[in-house]
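Chains X and Z supply the protein sequences, listed in that same order. Each residue of the first sequence is one higher than the one before, starting from 1 at the first, in this note's numbering. Each residue of the second sequence is one higher than the one before, starting from 489 at the first, in this note's numbering.
Bear in mind the hints are in silico, worked out from the structure with no lab data behind them. Note that the Cβ used here is the ideal one computed from N, Cα and C, for glycine as well. Each hint should be verified, as a subset may be incorrect.
[Said to hold, decoys possible] Restraint-style ranges between C-beta atoms, simulated for each label pair: (1) Z:R671 <-> X:C48: 25 to 35 Å; (2) Z:T622 <-> X:E171: 47 to 57 Å; (3) Z:E597 <-> X:A198: 40 to 50 Å; (4) Z:H602 <-> X:Q162: 29 to 39 Å; (5) X:P33 <-> Z:R671: 29 to 39 Å.
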Amino acid sequence: MLNFLKVLGVGKNQDATDLLTEDLALVEQRVEPAKKAAQVIYKKLACCLQSQQGLDADKRTKKLPLMMLSVSMAESFKDFDVDSPIRRVLEMCCCMETLLAKTLAEFEVQLEKEVLEPLNKLSEEDLPEILKNKKLFAKLTTDWHAARNKAQASTGQAQTKQDGLREEVEEAWRKLENIKDQYSADLYHFSSKEDSYANYFIRLLELQAEYHKNSLDCLEKNITELKENHNQSAPRLSGPSGKVYGAPLLSHLQHSGRQIATPIQECVTMLLQRSLKEEGLFRLAAAASVVRSLKGSLDSGNIDHSEFSSDPHAVAGALKSYLRELPEPLMTFELYNDWFKAAGEKEVSDKLEQLKVVLGKLPPENYNNLRYLVQFLSCLSEHQDVNRMSPSNIAIVLGPNLLWPRTEGVDSLLDMASASSVQVVSVIEPLIQHANSLFPEAVDFEIPEPPAGVDPTETKFHRCRIGNQGGRTIFPFCTQPFVIEGKI
Amino acid sequence: MDILWQYQFRIILLGDSTVGKSSLLKRFTDGIYSDVADPTVGVDFYARSLEIEPGVKIKLQLWDTAGQERFRSITTSYYRNSVGGLLVFDLTNRKTFDHVKEWHREVSEHVLPHHMVYILIGHKSDLNKDRKVTREEAEDLAAVLGVRYVETSAKCNSNVDRAFELLTKDIYELMKMGEIDTREGWDGVKSGLSAKVLYPAEEEAEREKSCNC
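Okay, chain X solo, but in the shape it has when bound:
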């Protein structure tokens, strides 16, 4: 109609939008897209929901697929006897899936309240109201144009007729003005609310982030607990106390009231007794069954030294395996990069300086156990002529058990392949080589008997500064070659 009038060449014709101020005309163009966006996003977002809209969190939880999973787990574990590790893990999983389902249901309730409902109101109530006025505005504009054209065409007709038409024009104009004000108010309103409409989408992301975080927190917390319980329960058949292999260093030390972890101290003690000269110690594999049995003993705390001292490779294997099974390497994840940086120094003096710095950053428990172990390894390497385990060789076989990167993500897998197994030697070797200066503390392991057949030529190069007095080594700062005297 409007176009038709324009075609007729009626001067200064305005369509509805022309009557609006420029900035309101701009705002007007956003209303329709806003409605479309709210409509389609509401629909798609509702599709993302796993629970039924409109229900409370409890009712939603019950119908979630996760809840079905949890129920199946509950039904499944009933068929196991109470001691079955599968049952114990399933019980825990069942609880966790329920928790996850609840978290999801709460998230979806909130999402519905804070995002879906406002979007729906926007697309179904608020914006249609504005668009209704827009339509009315357009219609009344048309009416006014029509009335005006009719009046114009009436020139030359009876005055009364002309006056009547004039009144009609005025009436149409008045109606048009009214709706124009109302519609303008709508547009001002819309414009002032645009920010808060945009906020619905920010809120969506915030809620999603919160939901994922809650789920992750719940999972992480429980997985650690589950793993600890699970690892603890595995060797239960062989002993009552458990919680050594695979347990965090700190919790084991606290639990047992020790300074040095059981496997480290016990294995070192056993190895010191008669295995320092064993060729390929830590390099050669032992019978898996013996290692397993020893690990069981260490886990349970009942260790018969005489049973295992005769099999040094099993002892070394059990020690290696303890180090590798720690949830965090003895030299920690956190300092992973620091170690390599320090070991990368060209000058030996700089390298030692930096290694000392990193050592100083270790938690006291880790430092103490590492010191104990490295001092022993240093001692072991004194016998490299016989056992062929030079600091470098020891570093190659033991390094990867002392330091590895966090195994998360693809990057760290690459790290694992390249850095950890090869480069780790560059870190461990100097530690062993320079144990004396890096670890000024006295060696605190007992040497039950002097290594057999130590001859004077050998002791010349003996860098161990081990003196023994009443079972404790002394002379911590002795720089002279020193003969191990053994127990006095």
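Let chain X serve as the given structure and place chain Z on it in line with the hints.
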């Protein structure tokens, strides 16, 4: 529908949130007051007519906004399409008084090269014991801005009608003096169509407008 008015003035209420703009408006247009009021959301307008002198009826179209909201793209047209503004502050809240200058400046800048007719309103005069702004200070500010000052209370219905009447009269006088005129595409002042218009010149313009020939 009340169409028996000669002129329509569009007037906006300005001031921080919680100074009582909506209460003032409700009292003036509906004659009621409520102690509990929700914050204004977005934009709305109300109307009331005043007989400014015998036979001259003015329809006031009063636009209310949420004080904490600032429009982005549309501030200019919102302010420009008004002829008068009530600068409202809360007598018991010093900050709202301090902000009056900013409101005045913001609006005045937007309506340039035109001018807006203001009145300064010290609101909530019933809470005299909690007053943080003296009458003298407010009158000084009014003098600086070159506007009238009235203290009102929507709660006690004190001076509310008077405040709107004073502003309306000021605008009307400026119109009579030719300082303010209806303009094409401007919603600040509109002439009534059904009643006979005051000035012949005005009528001529009106006829032109409705014919557009």
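So, going through the hints one by one against the coordinates:
In this structure the hint that R671 (chain Z) and C48 (chain X) lie 25 to 35 Å apart at CB is violated, the actual value being about 52 Å. The given range of 47 to 57 Å is respected by T622 (chain Z) and E171 (chain X), whose C-beta atoms sit roughly 52 Å from each other. For the pair E597 (chain Z) and A198 (chain X), the supplied restraint of 40 to 50 Å is violated, since their beta-carbon distance comes to about 27 Å. The hinted window of 29 to 39 Å between H602 (chain Z) and Q162 (chain X) holds, with their beta carbons roughly 36 Å apart.
Taken as a hint, the range 29 to 39 Å holds for the pair P33 (chain X) and R671 (chain Z), whose Cβ atoms sit roughly 32 Å apart.
In summary, the numbered hints that this structure violates are 1 and 3.
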